[in-house]
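Enquirer: Numbered per my numbering, the sequence shown spans residues 682 to 792.
Mixed in with the good hints, there may be bad ones.
With a straight-line Cα cutoff of 27 Å, these simulated DSS-like cross-link-like pairs (lysine-lysine) come out [claimed, not checked]:
id, residue 1, residue 2
1, K726, K696
2, K712, K752
3, K695, K712
4, K749, K712
5, K702, K726
6, K726, K749
If you anchor each label on the Cβ, the simulated ranges turn out as follows [what the hints assert, rightly or not]:
id, residue 1, residue 2, range
7, M686, R778, 43 to 49 Å
8, K752, T717, 30 to 36 Å
9, E690, L791, 27 to 33 Å
10, G710, L755, 24 to 30 Å
The hints are simulated quantities; they were obtained by calculation from the structure and are not laboratory data.
Backbone N, C-alpha and C define an ideal beta-carbon position, used for all residues, glycine too.
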Amino acid sequence: MVTPMGWHERTVTKKGFERFKSYYRDLRGEKQYEGTYNTPEEADKAWQRAEAWMTDGRIIDAKGGRVKFEKYVLETWFPNHVIEQSSADDYDYRLKRHLIPWFGNLPMNLT
Numbered sequence: 682m683v684t685p686m687g688w689h690e691r692t693v694t695k696k697g698f699e700r701f702k703s704y705y706r707d708l709r710g711e712k713q714y715e716g717t718y719n720t721p722e723e724a725d726k727a728w729q730r731a732e733a734w735m736t737d738g739r740i741i742d743a744k745g746g747r748v749k750f751e752k753y754v755l756e757t758w759f760p761n762h763v764i765e766q767s768s769a770d771d772y773d774y775r776l777k778r779h780l781i782p783w784f785g786n787l788p789m790n791l792t
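Take the sequences, apply the hints, and build the full model.
Expert: This is the structure:
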């Protein structure tokens, strides 16, 4: 298990404004982006909050709820869902015909 640790990175916009991007490493050791903030203190609070949620077991991926339904279903859920080919064909049809047109652009935390 990887010990989580976060940080922020300073960036400068085209107009010369300082911004701070907040990052942390999840339990798999993968870099996760938490957001962009006006101050380093805000950025540090963001990664600390994400790490606290993660280590408490409340979330694994802080941006998971912001992922669009269509992207999650087609890139994460469906490819990893082990079923017979005929069922997969049926799921594919129903997802693309009914669910994705209705829920596709919604974030996962709203579906």
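Enquirer: At the C-beta level, are G710 and L755 separated by a distance inside 24 to 30 Å?
Expert: With a Cβ separation near 26 Å, G710 and L755 satisfy 24 to 30 Å, so the hint holds.
Enquirer: Within a Cα-Cα threshold of 27 Å, do K726 and K749 meet the stated pairing?
Expert: Holds, at roughly 25 Å.
Enquirer: Tell me if the straight-line CA distance from K749 to K712 falls inside 27 Å.
Expert: 20 Å, holds
Enquirer: So the hint says 27 to 33 Å: do the beta-carbon atoms of E690 and L791 match that?
Expert: Taking Cβ atoms as reference, E690 and L791 lie about 30 Å apart, which means the hint holds.
Enquirer: Is the straight-line distance between the alpha-carbon of K726 and that of K696 27 Å or less?
Expert: Holds, at about 25 Å.
Enquirer: Given the hinted pair K712 and K752, is their alpha-carbon gap at most 27 Å?
Expert: 20 Å, holds
Enquirer: Below or equal to 27 Å on CA atoms is what counts here, so check K702 against K726.
Expert: 11 Å, holds
Enquirer: Is the hinted range of 30 to 36 Å satisfied by the C-beta distance from K752 to T717?
Expert: With Cβ atoms ~21 Å apart, the hint is violated.
Enquirer: Tell me if the straight-line CA distance from K695 to K712 falls inside 27 Å.
Expert: 25 Å, holds
Enquirer: At the C-beta level, are M686 and R778 separated by a distance inside 43 to 49 Å?
Expert: 45 Å, holds
When each numbered hint is compared with the structure, a violation occurs for hint 8 only.
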